[in-house]
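There are 2 protein chains.
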Amino acid sequence: MQKHASSRRAFLAATAAGAAHVWIPRPVKGYSTAEVLAMTPLDSARGGPVTPMGTGISKWDLDTPALCVDLDKFEANLANMQAALKRNRLDSRPHAKTHKCAPIAKLQMAAGAIGICTAKLSEAEAMIANGVDQVCMTTANLSPNKIRKAMALRKKSPHFIQAVDWEQNAHDLSAAAKAAGVVADVVIDVAVGTRSGIPAGEGAIALAKLIDRLPGLKLRGMLSYDGGAQHINTFATRKQRTLKNIEDNVATFEALKKAGLNTGIFSGGGTGTYNLQHLVPGFTDVQVGSYIFMDMQYLAIGSEDGNPVYNDFAPSLTVLATVVNNRFPGRLTTDAGAKALTLNTPRAGVIGEPGMDYNAGSDEFGSITFKESAKTYRMGDRLELIVPHCDPVVNLYDYIYGIRKDRVEVVWPVTARGHSQ
Amino acid sequence: MQKHASSRRAFLAATAAGAAHVWIPRPVKGYSTAEVLAMTPLDSARGGPVTPMGTGISKWDLDTPALCVDLDKFEANLANMQAALKRNRLDSRPHAKTHKCAPIAKLQMAAGAIGICTAKLSEAEAMIANGVDQVCMTTANLSPNKIRKAMALRKKSPHFIQAVDWEQNAHDLSAAAKAAGVVADVVIDVAVGTRSGIPAGEGAIALAKLIDRLPGLKLRGMLSYDGGAQHINTFATRKQRTLKNIEDNVATFEALKKAGLNTGIFSGGGTGTYNLQHLVPGFTDVQVGSYIFMDMQYLAIGSEDGNPVYNDFAPSLTVLATVVNNRFPGRLTTDAGAKALTLNTPRAGVIGEPGMDYNAGSDEFGSITFKESAKTYRMGDRLELIVPHCDPVVNLYDYIYGIRKDRVEVVWPVTARGHSQ
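Protein sequences appear in the order of chains E and B.
Residue numbering for the first sequence follows my numbering, starting at 1 and increasing by one per position.
Residue numbering for the second sequence follows my numbering, starting at 1001 and increasing by one per position.
Keep in mind the hints are simulated off the structure, nothing from the lab.
Just to be clear, a hint being listed does not mean it is correct.
[To be verified] Below, in silico cross-link-like pairs of lysine to aspartate or glutamate (DMTMM-like), each with a Cα-Cα straight-line distance of 25 Å or less: (1) K156(E) - E1035(B); (2) K86(E) - D305(E); (3) K258(E) - D248(E); (4) K155(E) - E1035(B); (5) K1155(B) - D248(E).
Whenever a hint applies, use it, and build me the whole structure from the sequences.
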């Protein structure tokens, strides 16, 4: 087991290493975000400061740790996902929990998405306050205060859709909708697995019927998100599990249809199952999130063509780090630890360095061990890392640098950073 | 190994569970931070809004996830650490990387600390900008921009001390100090282990002599932080390793002394070794951080009296979470996942529920499994969690609620949240 984990780690490190060539100029000035923002004019269309391509600051000249997205890869991911879903006659309703960034949500809408998902109320509030419409909140709001605020949001944004997974919550929401003077669009959240939602079957059907009757609510359909399926290794196993696990949900969906209830939305899935969801009868749209960025976790799940690397989308999101210690043989220390990368499993991948094992277990430092390295690193040199898991990493940073051909083209605020409530 | 890990987990869960009684009123309003701030007058002395004790909002009425510190426990931890170090004739120089909160740094100074440590330049800038003086930055600044800013900080705050661990960096810093019109106080950072700092011995002594000669720098002494020693299980093992690992550093310190160099500072150690550092000849002060909050990681390391629970300090820091799914037997889902707790190892501890295993592996959800629970949980009920590891958790939140007798007494900003550069 240990051996297997170790060889798998080596394989993934090699995968990450191949993502791009490493170019590490010195000395770097180390511009902070405030300095970059002060040097770049604001581009209202894209929601952040922007510099003309080719004239921006070199990414190697940014202070570190710095969160970067390669815009060419990001845009290709965006286009490829839209095209793939279109081929399969599905819509996209991308999940903003991945990027928490209003400008990126707008780019997803401009690329053809029919809406944007959010996981938390404060995330939905931040998106709508920053001009993102068509928000679907995929979890229920339970407390009186959150219910009241959700209905205030519905009043402000007529396209807001709210998930409900409990009878009492439907009653509470209907009352709050009436108090706010709205009829709220809701979807029932039907569980796949045991994490969230109402179990498929009679209870879910009864909940849908209750919502259909309640004066303050309008049923729009159902959600069924199989979170546990997204990272299953090998496409074949993922396919088998995804289609089996959703069988009861499909039966529930068909029962709703048969009962004459609104089944306009049958939504779920993610980056790991985007090319499987069209095999689910009645499915309408996919809540893809990570595809725009990718990470070491997703790279490991394997693609449909049997490639052990999941290469449907390119790893566009990286963290730049600085070597702060090179004094010990076979070791390097960087300035990017747990507060720059969150999780330590899977390991962050060092671009251009297949032999490096990156340990982000310290709060402030990354500890690299290696037997062989592609080059010799001096103090102050930069390294570029593919992150372990994109969602929680983005949630650490206030800004994402949009990079094109190694230069800063745009600086995006992480609009809903820390909005976990 | 699996069995051992599992029984250890159960032991730690039981430890956390005993921390306090659970009282869960319903319905809760779920006040957001903005609402709490709007309802509470500002207390400039403590650096945040404050309500008279007993009249504040109940912590059970806060929107979740919410980061809370029990002020009685926090203040006892502060006093106990000061008293313990005083008994051992050591000073305290608490590390702000744990709390990143200027008001807490000020309370540490008021309790008798001789200074405050920071790990990153942007953290030092935030502390000094918010009225915390006597800052010692424990890592070196390498890039030209960071070096320039560090010296601007030195000009602004004459007590600022900067770590240096490399000859070229000493030259660069001296030049920057001269350009800024200051003579900068510096300490050499001497490695314990292989993570950061210059190795003990001739190289370190040469660096100290170089600094002593350079016109822009003033040598103040040396740092020696053994990060790897802090979480070693059992006091006896921790003691043995701590004293052995620092032997070379002590020899280096004595050589500096013999050479007539300034050895006014010999600083290091942390919450795991605070009661061992006085056994290190010449040691002056301890960079304790986690003692004010504690966490599941520190609770597991064992205390001097042989208790398997490290109970020298009380776990004051908690995250409040809400039950959002109770539909599946032996399972609960909460709204506090990886974005509320960062690490999943060690597990978060559920206060009052020794039988619960808390999995924070999902981005948005906590997944609890249990065979037995102390009570039956309804949708919307609150749970209180001891966090896996305090430093990265605090770095996720913009505010910490200071709680006394279950009511919000003060709201502290996490001044340097996200300042990882």
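Consistency of the hints with the structure:
{"no.": "1", "hint": "K156(E) - E1035(B)", "verdict": "20 Å, holds"}
{"no.": "2", "hint": "K86(E) - D305(E)", "verdict": "20 Å, holds"}
{"no.": "3", "hint": "K258(E) - D248(E)", "verdict": "15 Å, holds"}
{"no.": "4", "hint": "K155(E) - E1035(B)", "verdict": "20 Å, holds"}
{"no.": "5", "hint": "K1155(B) - D248(E)", "verdict": "68 Å, violated"}
Checked against the numbered hints above, the structure violates only hint 5.
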